[in-house]
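Take any residue in the sequence shown, count from 1 to its spot, add 1032: that is its number in the numbering used here.
Incorrect hints may appear among the rest.
[Said to hold, decoys possible] With a cut-off of at most 27 Å between alpha-carbon atoms, the simulated DSS-like pairs for lysine-lysine come out as follows: (1) Lys1192 - Lys1155; (2) Lys1155 - Lys1113; (3) Lys1192 - Lys1113.
Please keep in mind that the hints were generated in silico from the structure rather than gathered at the bench.
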Amino acid sequence: MTPPLRTEHLEFIPYRTEDEDAFVSLLRNADVCRWMGQDLVPEPDIRTLFRAILSDVYPQNLFDVWGLWLDGTYAGHAEVKRTGNVDGHELVTALAPEFWGRGLGGEVVRGLIRYAGDELGLKEVYGMVGAENTPSLTMCRRLGFRHLRDVPGDDGSVTKLLAVSTTDQA
1033 MTPPLRTEHL
1043 EFIPYRTEDE
1053 DAFVSLLRNA
1063 DVCRWMGQDL
1073 VPEPDIRTLF
1083 RAILSDVYPQ
1093 NLFDVWGLWL
1103 DGTYAGHAEV
1113 KRTGNVDGHE
1123 LVTALAPEFW
1133 GRGLGGEVVR
1143 GLIRYAGDEL
1153 GLKEVYGMVG
1163 AENTPSLTMC
1173 RRLGFRHLRD
1183 VPGDDGSVTK
1193 LLAVSTTDQA
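Modelling step: build the complete structure from the supplied sequences, incorporating the hints.
Structure follows, in structure tokens:
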């Protein structure tokens, strides 16, 4: 079962039924979707996805997924899960735009790296960041991620596949 986590400012809390509207609002935000490299999905599909987290992901322990909370306010989403891009686990994060530019993205990723190393025993984790997402790429460089390769999308976009050691983190 996905455990709750805490970083300096954020609480990582497994989703609860009452978090559905916050989750939907985050993933219906066009700017969030653009930086996550995904299309804007219809609301009913996002609601189905959220319910699958509660009915399938958590009961079957498929992967770890949390809502992110800052002082009791929903701030975003985080996951650690196996990826098809490499033989390993990917960190997935999304912050609501009102929380951008406050250093919270780095805090989320550092928390996930620590969890992946300490609790899951992973030596390395991966991230996928759009080539145009300069703020996230800058943050990843600061955190010690290294570029493995570019992954071209069918639409002509490019996503950077990055990796970082879980043992080199402070």
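Hint check results:
1. Lys1192 - Lys1155: holds, 20 Å
2. Lys1155 - Lys1113: Since the Cα atoms of Lys1155 and Lys1113 sit roughly 14 Å apart, the hinted pair holds (cutoff 27 Å).
3. Lys1192 - Lys1113: With a Cα-Cα distance of about 18 Å, the restraint between Lys1192 and Lys1113 holds, given a limit of 27 Å.
This entry satisfies every hint, going by the numbered hints stated previously.
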